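2 protein chains.
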Amino acid sequence: MSFSFNLPVNLLFGAGCINEIGKRVGTFGKKALIVTGWGSTKKTGLLDRVSGLLAAEGLESQVYDQVKPNPTVPQVYEGVKALKDFEADFVLGVGGGSIMDAAKCIAFMGKNDGGLMDYVYGRKVSSEAFPVVLVPTTCGTGSEGNGFAVVTDPETGDKKSLRGTMIVAKLSIIDPELMTTMPRGVLAEVGFDVLCHCMEAFLSAAAIPVSDMYALTGIELVRESLLSLYTGKGGPAEWEKLSWASTLGGMSIGIAGLTAPHALEHPASGLRNLTHGRGLAALTVPVIERSIAAAPARFAEISRRLGGWNEKDCVVQVQELLAGLDLDIGLGSQGVKAEDVDWMAENAFKVSAAGIANNPVKFSLEEIKSIYHSAL
Amino acid sequence: MSFSFNLPVNLLFGAGCINEIGKRVGTFGKKALIVTGWGSTKKTGLLDRVSGLLAAEGLESQVYDQVKPNPTVPQVYEGVKALKDFEADFVLGVGGGSIMDAAKCIAFMGKNDGGLMDYVYGRKVSSEAFPVVLVPTTCGTGSEGNGFAVVTDPETGDKKSLRGTMIVAKLSIIDPELMTTMPRGVLAEVGFDVLCHCMEAFLSAAAIPVSDMYALTGIELVRESLLSLYTGKGGPAEWEKLSWASTLGGMSIGIAGLTAPHALEHPASGLRNLTHGRGLAALTVPVIERSIAAAPARFAEISRRLGGWNEKDCVVQVQELLAGLDLDIGLGSQGVKAEDVDWMAENAFKVSAAGIANNPVKFSLEEIKSIYHSAL
Numbered sequence: 478m479s480f481s482f483n484l485p486v487n488l489l490f491g492a493g494c495i496n497e498i499g500k501r502v503g504t505f506g507k508k509a510l511i512v513t514g515w516g517s518t519k520k521t522g523l524l525d526r527v528s529g530l531l532a533a534e535g536l537e538s539q540v541y542d543q544v545k546p547n548p549t550v551p552q553v554y555e556g557v558k559a560l561k562d563f564e565a566d567f568v569l570g571v572g573g574g575s576i577m578d579a580a581k582c583i584a585f586m587g588k589n590d591g592g593l594m595d596y597v598y599g600r601k602v603s604s605e606a607f608p609v610v611l612v613p614t615t616c617g618t619g620s621e622g623n624g625f626a627v628v629t630d631p632e633t634g635d636k637k638s639l640r641g642t643m644i645v646a647k648l649s650i651i652d653p654e655l656m657t658t659m660p661r662g663v664l665a666e667v668g669f670d671v672l673c674h675c676m677e678a679f680l681s682a683a684a685i686p687v688s689d690m691y692a693l694t695g696i697e698l699v700r701e702s703l704l705s706l707y708t709g710k711g712g713p714a715e716w717e718k719l720s721w722a723s724t725l726g727g728m729s730i731g732i733a734g735l736t737a738p739h740a741l742e743h744p745a746s747g748l749r750n751l752t753h754g755r756g757l758a759a760l761t762v763p764v765i766e767r768s769i770a771a772a773p774a775r776f777a778e779i780s781r782r783l784g785g786w787n788e789k790d791c792v793v794q795v796q797e798l799l800a801g802l803d804l805d806i807g808l809g810s811q812g813v814k815a816e817d818v819d820w821m822a823e824n825a826f827k828v829s830a831a832g833i834a835n836n837p838v839k840f841s842l843e844e845i846k847s848i849y850h851s852a853l
Numbered sequence: 478m479s480f481s482f483n484l485p486v487n488l489l490f491g492a493g494c495i496n497e498i499g500k501r502v503g504t505f506g507k508k509a510l511i512v513t514g515w516g517s518t519k520k521t522g523l524l525d526r527v528s529g530l531l532a533a534e535g536l537e538s539q540v541y542d543q544v545k546p547n548p549t550v551p552q553v554y555e556g557v558k559a560l561k562d563f564e565a566d567f568v569l570g571v572g573g574g575s576i577m578d579a580a581k582c583i584a585f586m587g588k589n590d591g592g593l594m595d596y597v598y599g600r601k602v603s604s605e606a607f608p609v610v611l612v613p614t615t616c617g618t619g620s621e622g623n624g625f626a627v628v629t630d631p632e633t634g635d636k637k638s639l640r641g642t643m644i645v646a647k648l649s650i651i652d653p654e655l656m657t658t659m660p661r662g663v664l665a666e667v668g669f670d671v672l673c674h675c676m677e678a679f680l681s682a683a684a685i686p687v688s689d690m691y692a693l694t695g696i697e698l699v700r701e702s703l704l705s706l707y708t709g710k711g712g713p714a715e716w717e718k719l720s721w722a723s724t725l726g727g728m729s730i731g732i733a734g735l736t737a738p739h740a741l742e743h744p745a746s747g748l749r750n751l752t753h754g755r756g757l758a759a760l761t762v763p764v765i766e767r768s769i770a771a772a773p774a775r776f777a778e779i780s781r782r783l784g785g786w787n788e789k790d791c792v793v794q795v796q797e798l799l800a801g802l803d804l805d806i807g808l809g810s811q812g813v814k815a816e817d818v819d820w821m822a823e824n825a826f827k828v829s830a831a832g833i834a835n836n837p838v839k840f841s842l843e844e845i846k847s848i849y850h851s852a853l
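From first to last, the protein sequence lines stand for chains A and B.
Its first residue numbered 478, the first sequence is counted upward by one per residue in our numbering.
Its first residue numbered 478, the second sequence is counted upward by one per residue in our numbering.
Treat each hint with caution, since some may be false.
Since the list gives no way to pick one copy over another, a pair counts as held whenever it fits inside one copy or between any two copies.
What the hints assert, rightly or not - With a straight-line Cα cutoff of 25 Å, these simulated DSS-like cross-link-like pairs (lysine-lysine) come out:
| # | residue 1 | residue 2 |
| --- | --- | --- |
| 1 | LYS601 | LYS500 |
| 2 | LYS601 | LYS520 |
| 3 | LYS520 | LYS588 |
| 4 | LYS647 | LYS508 |
| 5 | LYS647 | LYS588 |
No wet-lab data here; the hints were simulated from the structure.
Note that this is a predicted model, so its numbers are computed, not measured.
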């Protein structure tokens, strides 16, 4: 066993802890650029609440709200302009995964020259970024627990992560009460994404003992909370569990990376703008079916944490969960066409080479095409 | 459930990873003050090896080797003088817990004015310190995984921790092969200390889900490795397990703090200079016996991880391990006298108030005296 472990997260977790935001962020400066989306943080009043909590501590803030699902490079550059015009000291992302990832990219490009995709592809490197504070409002991406920020280049369709400890949030405020306003369909999708993060981190060739602990605990917590919340039975304790599972999933992939389901999903949602969770729902079972033989003990462990017995019923456990979440769907119903498969398979090797390499089975281009066809 | 979690460790772990030290520490500067002890790192050749690895990468180093077990404030000040005279850029601690803690204190006082104990007691606060790099050569203290540094003030006999993220090592290089030179008696003591760290963190009122994961995993790893190494049966895999358990123990107490066994041990080894592990061996069982009723589920979990069934056989599990390690001893045989008890009990409240407050049972002064008498 040998590994390196460096994930400098700083988490504040608990129902109602958003109320501490004003007192906690002063250490990062006096002026916050709040990055958020068009809709839900305004409708729920959260955006006004956060601005008010900052103002109460003498902090100024300005809102940049032009981030859309699957954020793009131009949206990031617009955000950087807002950051510089306002002369902000730090970036505060309030929202779901797209928002948090955009906030990280804006904080990064605020300190760096050149093109964002140069850094995404590693052609340029920098450890500089404005401090990032994150307030997740969905429990899915786990972006609050790692140094990943997924961004899409509309010129190429490439959807890929900027990565590094420089964009790990200097503080993440994870308040399970903020998750409760998610629409039910979104809950199913982001909750399944949490499970995928934990499963893929545990299966990754880059897994280490710390990521294993986080991932297995996360899988158990998803089992104890997701269906119960989706069917309306769960309460505050289940929101806590799923929120914590989400952060654990983010931390586990921050350490161990992802495997084939995410590697194959990014090209699909980069191309057709389907939601990430629905893409994963379509792709995960076909990938697992073709991967079990290469890591039976790991799949058996996952299966047991989900309520099964061994690697043989791991697929059934996942399928039952998907059915319970009304996510037993294919890519075809999400707008992906058979003629997209060749491009997606080639793009997967371009944008997700690490995810493909980390999978228990190292799939060939033809095998990946076959998985996409099965998932249609 | 609500908590905050901020433990910015950066770990490099694995057999032989010490060979990477030269390449890894350049980011902290060109001149390293190496803090080490009088004996073992010289005898084993490790000190020369480390200096050579640094020199091979163009780094200068100078050795400060005046740290003794249970390091004192004057030793820290001497180290600070060496740091300043050499104009070092960072501090590299190579050794056991005393060495690592001294290295942290030297790095801290190199940047701060006034008396070290002012910071230990919180009368003064600073977040400044020279970067610290740690190379543990014993698997016990776990200092490589947290922001604690225990120091003794010889004027008062107080043995207490400096604490803060500013003294979390910027890099810890944990090479299980370096542990294999420990004398067998030292192995027993530091290995039992690992178990205490994990048990106490898990029992602490300040425990959070992350520290629970670390602590329970650590307990299992101790069970799988310590006796086997002590009896000469274990090999490289067991050294890996115990080394990782040690770091996990350090991380878990870095998050959750300690409870009564450590709280009561510090006054004993502060006063009589017995070794920390032998003090813990004498005190842990009397403390557990009086604490189980307040946290039966937690003690049952510990017992199961040690091979027992429930809270009722937790004491037996610990006693059997102590006997196997030839550590079924009392404080009396370590030089502690009945007339020391009153001072130790009062000192425990002075130096270890948090540890006493975090214990499942909040012991009174009289109860603590009674525990010391039982442990004689």
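Results of checking the hints against the structure:
no.	hint	verdict
1	LYS601 to LYS500	between (36 Å within a copy, 21 Å between copies)
2	LYS601 to LYS520	neither (39 Å within a copy, 46 Å between copies)
3	LYS520 to LYS588	neither (32 Å within a copy, 49 Å between copies)
4	LYS647 to LYS508	within (15 Å within a copy, 29 Å between copies)
5	LYS647 to LYS588	both (16 Å within a copy, 23 Å between copies)
Of the numbered hints given earlier, the model fails hints 2 and 3; all others are met.
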